[in-house]
Amino acid sequence: MRVATIAVHTFKESVRQKVLYNLVAFALLLIGASVLFGSISVGVEQIILITLGLSSISAFGLLIAIFIGIDLVSKEIEHRTIYNILSKPVTRVEFILGKYLGLLLTLLVNTAIMTVGFYGALFYQKRALGPGDLVFLGAVYFILLQLAIVVGIAMVFSCISTPVLSVIYTFCIYVIGNFSADLRTFGQGTQSALLGTMSDALYYLLPNFADFNVISQVAHSQSMPGYLWLGNSCYALLYITVLLGLAIIIFEEREFR
Amino acid sequence: MTSLPALLSQPRLRRRACGLLLLLCLLGLIPIQRSIDQRSESNREVAEVLFLPSGKVLRQLSLGYEGLLADLYWTRVVQYFGRKGLAHSSEFKLLGPLLQITTDLDPHLVIAYRFGSIFLADKPPRGAGQPLEALALLHRGIVANPDYWRFWEDVGFVYYWDLKDYAAAARAFQAGSERPGAMEWMRALAAKVAAQGGELATSRFLWSEIARQAGNDQIRKNAEDHLMALQATEEIGKLAEVVALYNSRQERPARSFQTLVAAGYLRALPRDPSGKPYILDPGGRVRLSPRSSVDLSLLQ
Amino acid sequence: MLALETIELTKDYRLGFWRNRTKRALDRLTLKVEAGEVFGLLGPNGAGKTTTLKLLFRLIFPTSGTARILGKQLDDLSVRFRVAYLPENPAFYDHLTAQEFLSYVASLFGLRAAEQRRRPGELIDQLGLSASRNVPLRKFSKGMIQRLGIAQALINDPDVLFLDEPMSGLDPLGRREVREVILRLKERGKTVFFSTHILSDAETLCDRVAVLHHGRLQGCGELNTILRLGVSTTELVLEGPSAEVMAELTPYASSVIRTGERVRLEMPEENEVQRALEIILRGKTKLISVNPVKRSLEDYFLQKVGEAE
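Protein chains in written order, with the numbering used here: chain E, 1 to 257; chain H, 1 to 300; chain G, 1 to 309.
Hints in this document: simulated from the structure, not taken from any laboratory. Check each hint, because a few of them may be wrong.
As the list claims (entries may be wrong) - A partial selection of chain G residues facing chain E, derived with a Cβ cut-off under 8 Å:
#, residue
1, Ile60
2, Phe92
3, His95
4, Leu287
Every residue, glycine too, gets a C-beta built ideally from N, C-alpha and C.
Modelling step: build the complete structure from the supplied sequences, incorporating the hints.
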């Protein structure tokens, strides 16, 4: 399938970008260092390792998602390599999907590497790993869902705007997405019914990342609520569909002068 | 009827169909988010806050966005307080630390001191029941904002209402009255409290000030509930006097207010501030109707 | 079967901040290209040549009008398996080598795995890029990129090739190679549609040409016909003619140019040439050369463009 071809090509292209290696190396370093941080305060070692480790995976995944995601489409347009691809029997839809899946694959591989490093550090600290440690995979899964949404957002911007602005917009949406519950409370605190409705609308429209962030819960050994598995997965699936659909609609209308 | 593939081959229709599908997906997000929110309500902890116990550290980390962070933390305070209040819990363990962090981030966030102190001082289940913490918070506010006289008003209020220390309250009102911009009544209030201690009119004045300045429905309602309680107390007292008068003049004691109205001692059946009728119980005491929303326990 | 047919193909661009000004880049282009011919789209820069090609490949969308490639509508992507496009000043993926890039293109066409391995190698050899087979494209010179562009256009063995300025950036050797490729394709019955502003290339290769200027079709026709069109004159070059001879000849000549001892005369009428030759021989004047002057493509082009101004 042509989507797979484009996806594999995108994956290979991402992997050859040197910045990726730096980020992954740095993340692994951070995870390793967190083993040392933990020895500062007694009893908090594991909490710090888990929080810092998972947060690193999330943060560096985010950097990769944004910086490579922004370039997905805009770089092809800028370098005019898009003319070759689109003059082949490739639909614009296949192009978008292929690019998206390619970056997703890259993120998957990188996250897997970092997760292995994480478990390595955990093993070093605890001297043994048990089935209870599988819960961190759940946290990583939610991180991946978040990243998939962010890549979708970056992709939409990649089809519209210049790279510099796209990075800023995507990053802003990510930040707002983490505080969307507060956004809603801001709106509810005002007297105006109009502002309240608007803030509700924004709350549902903007991606709500807070529910994907279970890092502190798993760090404090609280269990992850069961409904989140289905809820988050469905949410992510629907939201990504909307984003890709939007990207496709924009891209289909785009002319390349 | 044209078949689906035929329909899909026309670009314009296809685009419309896709657009519709996307809109449906977008709308489909709402029930999913709602169901997650509903189930998370009970679980959602502010636990992540615990990881950064020092507001000062947080302030340094916030790279110039302390004000924004302070607002966020204040929102969390309101959410936390609201949720606990709704759950009628009597534990507000995190309220103090949250307020501490908020005011560390933005020492000039007046609202955090003022309403934070109300949340702290009020007795459970409406508040944390920690008047001394409230005073400490307000004093930090005064240190950071020495010219803001209203903090003194709040200090005085805590002494007056929660600690019943009228001498200290009077001193606080006096100190506040000396600040620039202070309203005239502060000085009068200081004198009154010094002279007469806890008095109904004074209490009503202070609570109506709080109701008037409240920027938040919760606080306003709280103040109005207190006002209703005060008014009801006053009315109950007056009604008791009327009943006593009637009983002293008639052979048989009054059984209901109906009797008093018929006898001309009252113009109409008395109603409490929430609109429900007062009851004269068999023992001859004036009581609130069971359906009344006035809460006299606030005055304890 | 027509390889290409355009019917009133038009493209307007909206310009200006408020998108209120319109610029017509292509005005009702109506063309037919037969299968098996080499067709040249000529025009100065900005005439609309690249616009036409981009419209055919749906990189931009027509404002009105239609076109059909091999009988299929433009949005029918199945036709892409049988055609190829080479954009002007092509750009490819820097990080890939020539072999990798051509394999990628081959996979996009859905070629079988064995073909995917074989075809890139063949084309690399065919276009003289064997030495750079495993060199990343960012190290390629312009001429090499151009040749690679031709290679990627040939991957699927297309029946129709659309080339935008295929000779641009090539040295004479490269140009000759590309010319050979096009001629070989013609021998195999393929159709080649290319745009250029280098008239000599068009002259040697094309069966038919069309001239585009300001987005409008100024003229279209078989090259043989165009080149025989108009007055065919004869050029006589003499050395040191006497004044009497000149006096006799000048009335018949449409132009007289003296360069030192040499005089160049243009005789518009063919029958007059005989008379002129008699005059020259009688005068014992030295005759350097007698040449029929064919109307050049440049003349045709300049005339058409001049008409459009």
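Which earlier hints turn out false for this structure, listed by number in ascending order? Hint 4 alone not satisfied by this model.
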